[in-house]
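Number of protein chains: 2
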Amino acid sequence: MTTTRAEPQPADFADVRTTNLAVVLRHLRAHGPSSRAAIAASTGLTKATVSSLTGDLIGHRLLRETGPGGNRIGRPATVLALDGSAYASIGIQVAPDQLTALAVDYSGERLLLWHRAAGDSTAEMVGLAQRAAARVRQQGRHVLGLTLAVPGDVDGTGLRDRVAGSLRQKDLAVTVAGHAALAAIAERRHGGWANVAYVSGVAGLDAGLIIDGHPVRGGRLGHLTLGPAGTPALREQAGIAPLVRRALPDLDPAAQADLAPAVEQVAIRARSGDTTALSALKHAGSCLGQGLAALVNLVEPEVIVLGDHFATLAEWLIPAASGELARLAPALGTDLRASTLGLHAAALGGAVSHLDQVDTGRLPDNDR
Amino acid sequence: MTTTRAEPQPADFADVRTTNLAVVLRHLRAHGPSSRAAIAASTGLTKATVSSLTGDLIGHRLLRETGPGGNRIGRPATVLALDGSAYASIGIQVAPDQLTALAVDYSGERLLLWHRAAGDSTAEMVGLAQRAAARVRQQGRHVLGLTLAVPGDVDGTGLRDRVAGSLRQKDLAVTVAGHAALAAIAERRHGGWANVAYVSGVAGLDAGLIIDGHPVRGGRLGHLTLGPAGTPALREQAGIAPLVRRALPDLDPAAQADLAPAVEQVAIRARSGDTTALSALKHAGSCLGQGLAALVNLVEPEVIVLGDHFATLAEWLIPAASGELARLAPALGTDLRASTLGLHAAALGGAVSHLDQVDTGRLPDNDR
Numbered sequence: 001m002t003t004t005r006a007e008p009q010p011a012d013f014a015d016v017r018t019t020n021l022a023v024v025l026r027h028l029r030a031h032g033p034s035s036r037a038a039i040a041a042s043t044g045l046t047k048a049t050v051s052s053l054t055g056d057l058i059g060h061r062l063l064r065e066t067g068p069g070g071n072r073i074g075r076p077a078t079v080l081a082l083d084g085s086a087y088a089s090i091g092i093q094v095a096p097d098q099l100t101a102l103a104v105d106y107s108g109e110r111l112l113l114w115h116r117a118a119g120d121s122t123a124e125m126v127g128l129a130q131r132a133a134a135r136v137r138q139q140g141r142h143v144l145g146l147t148l149a150v151p152g153d154v155d156g157t158g159l160r161d162r163v164a165g166s167l168r169q170k171d172l173a174v175t176v177a178g179h180a181a182l183a184a185i186a187e188r189r190h191g192g193w194a195n196v197a198y199v200s201g202v203a204g205l206d207a208g209l210i211i212d213g214h215p216v217r218g219g220r221l222g223h224l225t226l227g228p229a230g231t232p233a234l235r236e237q238a239g240i241a242p243l244v245r246r247a248l249p250d251l252d253p254a255a256q257a258d259l260a261p262a263v264e265q266v267a268i269r270a271r272s273g274d275t276t277a278l279s280a281l282k283h284a285g286s287c288l289g290q291g292l293a294a295l296v297n298l299v300e301p302e303v304i305v306l307g308d309h310f311a312t313l314a315e316w317l318i319p320a321a322s323g324e325l326a327r328l329a330p331a332l333g334t335d336l337r338a339s340t341l342g343l344h345a346a347a348l349g350g351a352v353s354h355l356d357q358v359d360t361g362r363l364p365d366n367d368r
Numbered sequence: 369m370t371t372t373r374a375e376p377q378p379a380d381f382a383d384v385r386t387t388n389l390a391v392v393l394r395h396l397r398a399h400g401p402s403s404r405a406a407i408a409a410s411t412g413l414t415k416a417t418v419s420s421l422t423g424d425l426i427g428h429r430l431l432r433e434t435g436p437g438g439n440r441i442g443r444p445a446t447v448l449a450l451d452g453s454a455y456a457s458i459g460i461q462v463a464p465d466q467l468t469a470l471a472v473d474y475s476g477e478r479l480l481l482w483h484r485a486a487g488d489s490t491a492e493m494v495g496l497a498q499r500a501a502a503r504v505r506q507q508g509r510h511v512l513g514l515t516l517a518v519p520g521d522v523d524g525t526g527l528r529d530r531v532a533g534s535l536r537q538k539d540l541a542v543t544v545a546g547h548a549a550l551a552a553i554a555e556r557r558h559g560g561w562a563n564v565a566y567v568s569g570v571a572g573l574d575a576g577l578i579i580d581g582h583p584v585r586g587g588r589l590g591h592l593t594l595g596p597a598g599t600p601a602l603r604e605q606a607g608i609a610p611l612v613r614r615a616l617p618d619l620d621p622a623a624q625a626d627l628a629p630a631v632e633q634v635a636i637r638a639r640s641g642d643t644t645a646l647s648a649l650k651h652a653g654s655c656l657g658q659g660l661a662a663l664v665n666l667v668e669p670e671v672i673v674l675g676d677h678f679a680t681l682a683e684w685l686i687p688a689a690s691g692e693l694a695r696l697a698p699a700l701g702t703d704l705r706a707s708t709l710g711l712h713a714a715a716l717g718g719a720v721s722h723l724d725q726v727d728t729g730r731l732p733d734n735d736r
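First to last, the sequence lines map onto chains A and B. Taking this note's numbering, I'd label the letters of the first sequence as residues 1 to 368. Taking this note's numbering, I'd label the letters of the second sequence as residues 369 to 736.
Quick caveat, the hints were computed from the structure, so don't treat them as lab data. Misleading hints may appear alongside valid ones.
Said to hold, decoys possible - Negatives, chain B to chain A, calculated, CB over 12 Å: (1) Pro401; (2) Ser403; (3) Thr446; (4) Arg484; (5) Pro519; (6) Arg528; (7) Asp642; (8) Asp733.
Claimed, not checked - Derived CB-CB ranges, DEER-like: (9) A:Gly191 - B:Ser420: 54 to 60 Å; (10) B:Gly559 - A:Asp365: 48 to 54 Å; (11) A:Ala254 - B:Asp383: 57 to 63 Å; (12) A:Glu302 - B:Thr434: 44 to 50 Å.
To be verified - Non-contacting residues of chain B with respect to chain A, defined by C-beta distances greater than 12 Å in every case (computed): (13) Gly423; (14) Thr543; (15) Asp580; (16) Arg614.
Glycine included, C-beta positions come from ideal geometry on N, C-alpha and C.
In isolation and in its complexed conformation, chain A is listed as follows (with noise of 0.2 Å):
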């Protein structure tokens, strides 16, 4: 990919067409129901070229008219609108205490979410993979894709690989990216940025970063150290797990493992005033406000989003990390909030990018 988008690569009128089909079904993603003059007057493609795109889209199902539209004078437009039918696309989260499965159809509803409280065996993986599968094909649906949100550090390819070789689907596309990369593909479908950094901490501490629009790799935020020889790394400082471990030291470890439930007792504590919770919610706070700055001064994202567990804690998490940004990255104005999207953001971002790769104008092969 890095190569194809350096170097140009010769280009003819599918091309052209493939951008148009990318052109309309954005339209229709960002303004929802249109009728085909909208199209046309919006995007600047003549009335001609939109009826024919639309024509191609309509045949594969990923548009349906949806009749007479709003307009009151002389024969009413039809309205075409994305069509969710047809198609489905799954997100496989794999974190340390639990598996979820999301689907979601093509115009973006959400199919299935599935927990499974398990471990991270590849088997389990593939079981559940194979369910969300079968379920959404015995609703008629062509599966887009499937992708496993894995932690930063797991070997892709090596897992990709065993997993499509373990599925019962053989024509199943199998994906693997890290959870942080994944959840910011969700927050840039969610958001619209063009440049936004998402904060996860579901296993670990890593940023998923989207630059000009594009993920990029790196984002090891974790693996940051700032400080003389001898500090430890930022993911020991304002990890979760270190966190939950400073704010409940009466857990016992077993406990402390269970993430979800153990990050919500550290906001119930902090909510009732609890010092040693607060005290441990404003360390990683800073320390987090630390490696953010070093984010911002690099790479300048609009937005920072801290997601799953840290969205749970960003009452406060976000001031002192704040006032660590203001003092270490003055003058660039970084949004930082909380994300929206839940505790399973990357399955939702594993599924939503197979969609935004029919939203490029590359319509799926289905033999209808």
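Starting from the structure of chain A, add chain B where the hints point.
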């Protein structure tokens, strides 16, 4: 630009031609003089398309025919080469201690390189730019553009408007960008890297970042603060001016401020084993390495190029910096090396940035 890359724009057949013009120009840039048949074979474009594209490029005087190629059997094929003669592009590098003007022709050959020991007043920039533009126009060349390379903290828009407003040649397209960002563009063209960071010390401490082949904003390396409150920013630890002050404590401030000769003096003393110079270099190299480790963990460049004054001192800085990189960003095999483009890489980057524009297939309109 962000939006353009994030959101597809309607395409037409002109875009296909633009893309294919870019493919032909990039081929000749990368492979040197080639026959039409060789271009077709290598790019996958048809011979008819290549003939039409090259005809257009010859008409714009971007290509010229250079007579028979090397193939011995049958009628010798005419060979096409990039034609430098019709166009020039100018970069002006603005540093506290001197102004540099550099111009290249379209084939990348250097046309002029002027240094002025001067301040950074707009009047002096304008004077130098006017003389450089007048010189290449006397040679009958169309000027593709003029780019000012300035310290990272300069307000580019304000400066561009002042300079464009003061220039005698009102038709000159003026751009302003940071030293490091432009030097990174020069390194991308020189080394062909899609992911490269250029470290510049001509004014403070900045990194120019190319990610997936595209320049991105940010790179405020000198603003990183790698430690608790009270720790000085990285530019105070690893910048060239503080390094000179530590390495040459006996030098008077005026001599220290003249960076190029002072840096040469540091190199001479280090080579002679001067312990003060060597320990200053070791300190700066280690701090630089800690900052580069943050950069590597966050955006994983393939190559980090120590540029301008850092290149002069690379033989002492790289060992210290590599040690910190290995400690803080293990398992990420980033290549740390010295630039070979000298002290005016930013001026070169400013000039070649306009060649890059033409290489995307947007042919200059020089009212022939």
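Now for the hints, and whether the structure bears them out:
Every CB of chain A lies more than 12 Å from the CB of proline 401 of chain B, the least distance being 20 Å, so the non-interface label holds. Chain A leaves serine 403 of chain B outside its interface by the beta-carbon criterion, the shortest separation being 18 Å against a cut-off of 12 Å. Distance to chain A confirms threonine 446 of chain B as a non-interface residue, since its nearest Cβ pair spans about 22 Å, more than 12 Å. Against chain A, the non-interface label of arginine 484 of chain B holds: every CB pair exceeds 12 Å, the least being about 31 Å.
At the 12 Å boundary, the C-beta of proline 519 of chain B stays outside the reach of chain A, the nearest C-beta of that chain being 15 Å off. Interface exclusion of arginine 528 of chain B from chain A stands, the closest Cβ pair being 20 Å apart, more than 12 Å. No beta-carbon of chain A comes within 12 Å of the beta-carbon of aspartate 642 of chain B; the shortest separation is about 25 Å. With 12 Å as the threshold on Cβ separation, the claim that aspartate 733 of chain B sits away from chain A holds: the shortest Cβ distance comes to roughly 21 Å.
Between glycine 191 of chain A and serine 420 of chain B, the C-beta spacing of about 44 Å breaks the proposed range 54 to 60 Å. One distance hint, 48 to 54 Å for the beta-carbon pair glycine 559 of chain B and aspartate 365 of chain A, is violated here, with the actual separation near 39 Å. Here the CB-CB span from alanine 254 of chain A to aspartate 383 of chain B is close to 60 Å, well matched to the stated 57 to 63 Å. The supplied range of 44 to 50 Å is met by glutamate 302 of chain A and threonine 434 of chain B, whose beta-carbon atoms lie about 49 Å from each other.
Residue-level check passed: glycine 423 of chain B sits 17 Å from the nearest beta carbon of chain A, beyond 12 Å. For threonine 543 of chain B, the condition that its CB be more than 12 Å from all CB atoms of chain A holds, with the nearest at approximately 18 Å. For aspartate 580 of chain B, the non-interface assignment is contradicted: its Cβ lies about 5 Å from the closest Cβ of chain A, within the 12 Å cut-off. Every C-beta of chain A lies more than 12 Å from that of arginine 614 of chain B, the closest at about 18 Å, which supports listing it as non-interface.
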